[in-house]
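Q: Sequence:
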Amino acid sequence: MSEYDLNDDGEDEPLQVGAVYTNENEDSDYDDANDDDDDDDDDDDDADEEDKDEEGALSYLFDKSNMKQHAFAILVALVATGISYFHFNGNGNGSPPIPISTQTLQRTTPLKPTAIHHHHSYKRTSNLIFCPLETPSPAESYPQRIQKALNTDRHIEGNLQLFQFNLPKQYIDIINDYYIADETFDDFYNHTLTIDNGEMTENVHFQCLVDTMSIYQKSTVPMHSIAYIHPSIPTYYKNQPANTKPKSNISVKSILEGRNDETEMTPASLTYTGFTAKFINLSTKPMHLFWDGKNKPRFRGKIDPFESFTTVTTPGNSFYLAPTYDKEHAVERWTMTADEAVVSYNPLHNDVEMLAKLTMAEMKMYTMQKLNMAYGQEYLVKTQRSWLSMFPRPLGMHYMWEADYFGQEYVVKTEQSHFVSVPKGKEVWRRLDYADYDNMVEESDSKGKAVLNLAEHRNEGALELKLRVISVAPRVFEIDNFLSNVEVEHLLEMATKYNSTDVRNRKQRKGDATTNAWIRREMSPIIDAIYHRSADLMKIDESLLRHRNEHEHTELNTHHSIAEAMHISQYKADQGYIPRSDAAQPSIKNRFQPNRFATIMFFLNDVEEDMGGDTMFPLAVNADHHDGIRVVPKKGKALLFYNMLPDGNADDLSQYSSEFVKEGVDGEKWLGSIFVWDPIID
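Residue numbers (this note's numbering): 296 to 977.
It should be emphasised that the hints constitute simulated quantities derived from the structure, not laboratory data.
Glycine included, each C-beta is placed from N, C-alpha and C at the ideal position.
Certain hints may be false.
As the list claims (entries may be wrong) - Label pairs and their in silico Cβ distance ranges:
1) Y705 / T632: 36 to 42 Å
2) T515 / F483: 42 to 48 Å
3) L650 / N811: 33 to 39 Å
4) K589 / G756: 45 to 51 Å
5) R763 / E478: 41 to 47 Å
6) L650 / R449: 21 to 27 Å
7) K580 / R763: 48 to 54 Å
8) Y705 / V626: 30 to 36 Å
9) E751 / T619: 57 to 63 Å
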């Protein structure tokens with residue numbers, strides 16, 4: 296048993312990732328206790344009060360000393376009645392009444408455009424390739440082949456490859472539905488699931504599928520998709536000095552034969568063996584998932600019909616599904632292993648009578664999940680990784696830094712320089728609005744830009760940020776001096792002011808943070824600058840990381856930020872958290888299949904090496920550290936890591952933990968995080 300998978304009872308507890316809902320005190324849902332009502336007779340107390348003379352009870356109305364107050368109250372009531380009448384029955388110019396729910400606010404100035412609306416170009420089916428591929432030339436690389444197959448000039452990194460998936464012909468109709476939904480912007484499949492699409496998409500690749508189907512007499516049709524292939528571990532140590540290369544896993548044979556020691560390098564055997572397990576409910580009833588704890592079953596989450604749920608666990612843990620009304624009745628039970636991390640409960644399998652009773656929507660969702668599982672089986676063979684996303688899932692919409700080897704560096708320049716002094720008065724606590732961002736978009740408006748940037752309190756010129764690769768798989772980058780001392784102190788002040796944790800009124804669990812605060816970007820210009828700097832660091836348009844002024848335009852798919860509110864937490868002695876994943880598990884009925892794409896984590900104080908509190912990536916692949924990659928918190932330092940792979944799958948290696956601050960140590964750890972989604976937030 297490792298230090299990472301202990302719960303508050305000392306049990307190996309799997310960590311929840313994508314719950315439909317959670318319940319900190321899971322037993323409370325199933326207790327049959329009923330509180331006794333000791334106050335039932337309150338209404339019977341002092342029964343003699345009912346015998347009071349009504350006129351005596353209302354005699355205060357005739358008190359002359361109160362007549363002026365009564366007259367004023369009556370006047371106010373008459374005015375309010377008149378306003379209400381005109382509000383509900385007309386707008387004062389003879390036009391018909393306007394219902395409250397349909398009234399809209401009008402801007403006095405025109406809206407200014409933002410730089411990008413990437414959701415308009417989103418196609419869930421963009422990676423499906425049914426048309427025959429040309430024979431590649433010897434000099435043609437994998438990225439060039441993918442660019443040609445997708446007919447795109449977007450950057451394709453070298454570790455993405457085409458692979459052939461044998462699509463069962465029984466799923467061709469649902470593939471057509473996916474194409475139609477993309478073309479009609481049916482974002483939640485309201486029409487796709489309820490209407491029998493008689494029409495066929497004119498997409499060129501689907502037409503190739505139809506043509507190929509008539510040629511192939513087999514039960515499957517060849518299709519190409521794109522998968523990310525992890526590079527071999529010797530490449531992780533490229534450009535490293537010879538004396539810094541790991542030696543612990545180099546074979547004696549390679550040394551004796553005079554080979555390059557990198558050719559025999561193997562990954563270290565990691566102490567932590569956790570992985571993400573995925574549970575799929577292929578029934579028409581909602582189910583509850585339980586984990587078999589040592590003492591009693593532990594509720595993990597509710598899984599709606601044809602939906603899925605993920606949780607971090609370790610080999611040998613047992614789970615079971617039960618009806619929502621009877622937690623003791625296990626309809627399916629699994630003992631989990633990393634080789635079979637995706638499991639399903641399917642009472643409909645080979646049951647013709649039950650399948651015939653499904654509604655059209657149920658049948659389509661059932662088919663979607665069956666197709667997803669079929670794709671996942673071949674993806675596992677190709678990549679040696681579980682498919683944790685929902686097929687089809689296109690390449691990520693956002694830029695992703697490549698991590699080729701340890702120590703690789705990139706330099707990013709941003710105009711969002713450090714704050715070096717604290718603005719006085721209310722300036723720094725000023726809440727920004729849409730007009731501020733209008734001014735920011737319009738660079739010619741120097742006055743508005745000055746209000747936002749507070750240039751007199753910041754370093755002049757651009758800020759250079761250096762990203763350094765500290766892990767290749769998962770991709771983790773270290774950025775020193777991401778925050779200035781002034782910015783750190785402002786965040787700590789904000790966290791103290793907006794702390795939402797009240798340990799007095801909730802059950803305190805082992806490891807829970809003392810402070811939890813959620814800070815929105817618009818809550819101060821300094822917070823806004825940190826979000827803007829984060830966008831520049833990730834090479835993402837900053838307007839995507841805020842609620843844009845197009846919120847009044849209903850023709851757009853989405854208007855709000857793809858970044859969550861900044862989370863700031865404080866960990867004291869005996870506090871921290873076991874390995875977790877930031878990846879999500881979206882609904883099958885969401886066309887965008889949104890997920891947490893990247894996490895920016897920043898440290899708000901120095902933590903001494905001997906007091907605990909290190910941030911760990913326990914699944915990070917390397918050749919000489921059995922506990923993965925360890926990061927010692929340093930004030931102002933940031934980490935950027937990706938929760939998704941370039942091919943759209945969740946990266947299970949991106950699990951991370953916070954080492955528990957040692958008990959009895961007079962110290963603490965302050966941590967901030969910004970979560971960014973792809974392609975939209977859910």
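Q: Evaluate each hint against the coordinates.
A: Hints and how they fare:
Checked against the given bound of 36 to 42 Å, the beta carbons of Y705 and T632, roughly 38 Å apart, stay inside it. A hinted range of 42 to 48 Å is violated for the C-beta pair T515 and F483, which are about 30 Å apart. Roughly 47 Å separates the CB atoms of L650 and N811, a value that falls outside the hinted 33 to 39 Å. In this structure the supplied range 45 to 51 Å is violated for K589 paired with G756, their Cβ-Cβ distance being about 59 Å.
A beta carbon spacing of about 43 Å between R763 and E478 agrees with the range 41 to 47 Å that was offered as a hint. Separation of L650 from R449 is about 41 Å and departs from the stated range, judged on CB atoms against 21 to 27 Å. With their beta carbons about 51 Å apart, K580 and R763 fall inside the hinted range of 48 to 54 Å. Look at Y705 against V626: about 51 Å separates their beta carbons, and that is not inside 30 to 36 Å.
Here the CB-CB span from E751 to T619 is close to 60 Å, well matched to the stated 57 to 63 Å.
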